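Enquirer: Each protein sequence line maps, in turn, to chains A and B. With the working numbering applied, the first sequence corresponds to residues 1 to 445, in that order. With the working numbering applied, the second sequence corresponds to residues 1 to 151, in that order.
All clues stand as given, with none of them false.
Here are a few chain A residues that sit away from chain B, every Cβ distance over 12 Å (derived from the structure):
no.	residue
1	L295
2	D353
3	H364
In silico DSBU-like cross-links for lysine-lysine, where the CA-CA straight-line distance does not exceed 35 Å:
no.	chain 1	residue 1	chain 2	residue 2
4	B	K52	A	K136
5	A	K314	A	K361
6	A	K249	A	K314
7	A	K415	A	K314
8	A	K169	A	K133
9	B	K52	A	K133
10	A	K314	A	K169
11	A	K415	A	K367
12	B	K52	A	K169
Hint data in this document are derived by calculation from the structure and do not stem from the laboratory. What you are looking at is a predicted structure, and each value in this text was computed from that prediction instead of being measured. Think of the CB as a built atom: it goes at the ideal place given N, C-alpha and C, for glycine as much as any other residue.
What follows is the residue order along each chain.
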Amino acid sequence: MLHCPDPVAWRLRLAAGLPAAALASALIGAAPAAADETCQSPYMAKITGEEEYVYIWTLGVEGLGDGSDKLVTVDARSGSPTFGRVIDVDSVGGRHEAHHGGLTDDRRHYWVQGLDSSMIFVFDIASDPANPKLVKTIDDFVEASGGVAGPHGAYALPGRMLISGLSNKDGTGRTALVEYSNEGDHIATHWMPTAEEPRGAAGAEHADGYGYDARVLPRRNVMLTSSFTGWNNYMRPLGEVVNDPEAMKAFGGSMVLWDFHARQPRQVFSVPGVPLEVRWAWGEDHNYAFTTTALTSEIWLVHEDGNQEWRAEKVGTVGDPAQLPLPVDISLSADDSTLIVDSFMDGMTRIYDVTDPFQPKLIHEEKIGGQVNMVSQSWDGKRLYYTSSLLANWDKDITTPDGEQFLRAYAWDGKALTPRFEIDFLAEGLGRPHLMRFGSTALYR
Amino acid sequence: MKLPLVCAALLAALPAVAHDGKNHEMPPIEGPADAYFFRLAEPGSYRLPPIKPAADARLLDAGGAPLRLSALLPGRITVLAFLYTRCADACPIAALRLADLQALASRLPEVAERLQLISLSFDPEHDTPARMAEYGRQLRQPAGPVRSGCS
Numbered sequence: 001m002l003h004c005p006d007p008v009a010w011r012l013r014l015a016a017g018l019p020a021a022a023l024a025s026a027l028i029g030a031a032p033a034a035a036d037e038t039c040q041s042p043y044m045a046k047i048t049g050e051e052e053y054v055y056i057w058t059l060g061v062e063g064l065g066d067g068s069d070k071l072v073t074v075d076a077r078s079g080s081p082t083f084g085r086v087i088d089v090d091s092v093g094g095r096h097e098a099h100h101g102g103l104t105d106d107r108r109h110y111w112v113q114g115l116d117s118s119m120i121f122v123f124d125i126a127s128d129p130a131n132p133k134l135v136k137t138i139d140d141f142v143e144a145s146g147g148v149a150g151p152h153g154a155y156a157l158p159g160r161m162l163i164s165g166l167s168n169k170d171g172t173g174r175t176a177l178v179e180y181s182n183e184g185d186h187i188a189t190h191w192m193p194t195a196e197e198p199r200g201a202a203g204a205e206h207a208d209g210y211g212y213d214a215r216v217l218p219r220r221n222v223m224l225t226s227s228f229t230g231w232n233n234y235m236r237p238l239g240e241v242v243n244d245p246e247a248m249k250a251f252g253g254s255m256v257l258w259d260f261h262a263r264q265p266r267q268v269f270s271v272p273g274v275p276l277e278v279r280w281a282w283g284e285d286h287n288y289a290f291t292t293t294a295l296t297s298e299i300w301l302v303h304e305d306g307n308q309e310w311r312a313e314k315v316g317t318v319g320d321p322a323q324l325p326l327p328v329d330i331s332l333s334a335d336d337s338t339l340i341v342d343s344f345m346d347g348m349t350r351i352y353d354v355t356d357p358f359q360p361k362l363i364h365e366e367k368i369g370g371q372v373n374m375v376s377q378s379w380d381g382k383r384l385y386y387t388s389s390l391l392a393n394w395d396k397d398i399t400t401p402d403g404e405q406f407l408r409a410y411a412w413d414g415k416a417l418t419p420r421f422e423i424d425f426l427a428e429g430l431g432r433p434h435l436m437r438f439g440s441t442a443l444y445r
Numbered sequence: 001m002k003l004p005l006v007c008a009a010l011l012a013a014l015p016a017v018a019h020d021g022k023n024h025e026m027p028p029i030e031g032p033a034d035a036y037f038f039r040l041a042e043p044g045s046y047r048l049p050p051i052k053p054a055a056d057a058r059l060l061d062a063g064g065a066p067l068r069l070s071a072l073l074p075g076r077i078t079v080l081a082f083l084y085t086r087c088a089d090a091c092p093i094a095a096l097r098l099a100d101l102q103a104l105a106s107r108l109p110e111v112a113e114r115l116q117l118i119s120l121s122f123d124p125e126h127d128t129p130a131r132m133a134e135y136g137r138q139l140r141q142p143a144g145p146v147r148s149g150c151s
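Turn these sequences into a full structure, and let the hints steer you where they fit.
Expert: Below, the structure written as structure tokens:
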């Protein structure tokens with residue numbers, strides 16, 4: 001005889017006090033979205049209108065302005081008196097190798113990170129989207145994570161941030177994924193699999209332990225990670241690295257498919273030549289992701305076949321691989337039809353029709369500047385934003401024309417890029433612009 | 001009662017699942033991927049770390065009485081699902097999983113006496129206490145041994 005109340009207490013109804021919209025998006029995952037940059041976590045709140053602000057995590061340059069890393073806010077509102085201009089600058093003090101970061105699921109906070117110092121800076125972008133405020137600094141990432149260093153991406157999960165590391169306390173490329181609560185508390189560390197410690201993953205012989213990007217396709221319960229290199233290489237001048245055969249061995253050539261729920265590596269793919277950015281398609285039956293390889297200039301597709309087996313295969317090349325164009329950031333349009341690929345060395349953007357993801361077709365190419373790295377597009381695909389900086393010690397010499405540092409904004413009509421505005425980050429004494437995220441007051445009304 | 005048709009159809013299949021006397025094993029996965037159908041890691045083979053304390057939400061129970069979430073949690077293993085009765089895609093899956101849990105727990109009295117399954121609607125405009133009470137009754141239609149074992 002059990003003396004228990006009915007264990008099935010189907011009895012509750014939410015009255016008030018919980019953010020219903022946040023719960024809904026956390027539960028359902030990819031909510032319909034009307035406008036936003038396309039390469040964000042599906043768990044994240046979306047902008048329903050034109051982006052109003054572009055927040056640019058910018059690496060300070062010694063002797064330029066205050067020399068500090070800073071968050072630069074640019075007015076992107078068409079018709080605004082300050083359209084296309086810097087309207088706010090928040091320096092964090094010092095140079096940390098500002099690189100990547102990301103927005104929380106509720107889009108109230110922007111986490112930006114330093115690859116050198118392993119510091120994390122959390123900005124409130126909700127209280128006044130035109131005037132972000134630094135509200136928290138996390139300075140014990142290495143200790144809290146159990147030795148991970150070089151926090152790179154910050155990817156929104158429900159109530160959490162998933163931070164992909166690049167390095168560790170010894171400076172090599174063995175690294176991990178680190179989860180923090182939105183409040184800034186460490187939750188868990190998941191080390192990348194290696195051949196010696198595959199943690200149950202198939203294809204373990206390809207596992208090299210490097211990390212770079214981490215992105216989730218919730219409805220298939222999979223997460224895909226890519227691989228770069230450790231502190232010893234990314235903080236070293238590029239010319240030295242490429243002329244050091246030992247250093248050139250210390251780059252990633254793998255991607256890992258994870259069981260997302262269990263955070264367990266399922267399968268390791270050989271993707272030679274440093275696969276960097278990962279972009280999942282959005283279509284409800286599009287079970288695939290793109291990446292490009294930096295050193296071999298290839299476009300790869302990781303896809304699920306008709307038997308629910310996952311595969312990685314090369315589906316194209318970017319420019320002339322022999323010239324080492326160095327593909328860096330990529331952006332997939334919201335309708336999965338168009339893939340934008342930036343390459344750093346030649347300063348080019350190339351736009352591919354990927355309606356057939358196995359056969360990318362080049363439809364446009366254009367030189368954006370002396371060097372180019374990041375690209376962000378609006379959800380409708382009509383506005384593109386480019387920034388120039390890759391890494392402080394890999395960027396071209398700022399005293400030369402190709403060493404220009406900029407934000408350039410364009411309109412894209414499917415055929416041509418039309419300039420909307422540009423900001424010279426050297427002339428304005430700001431530094432090296434890197435990661436962009438969009439903001440809007442409409443999110444918080 | 002306007003239960004989604006999808007939800008009712010899923011629940012109609014429950015007795016066969018609940019009383020087959022076997023563990024719930026993953027059926028073989030064949031053919032093209034289905035939207036929410038994927039292989040799960042073995043139970044016990046992984047950890048789900050605590051994320052953060054739950055917000056102490058103000059709630060109404062199915063009888064309309066106000067209470068706090070914190071009052072429900074101590075001393076029990078709680079599985080809590082967020083859903084709303086007009087939801088026809090993800091919510092019926094969550095409801096089915098709770099029904100599965102109910103059936104599984106019915107075979108494990110030491111679990112059943114510590115377990116509570118709670119569903120929270122985040123559509124308070126539509127999901128009145130009476131509606132949620134009816135929703136719960138519908139879900140319990142294939143009255144499993146958990147209920148008959150409790151007094």
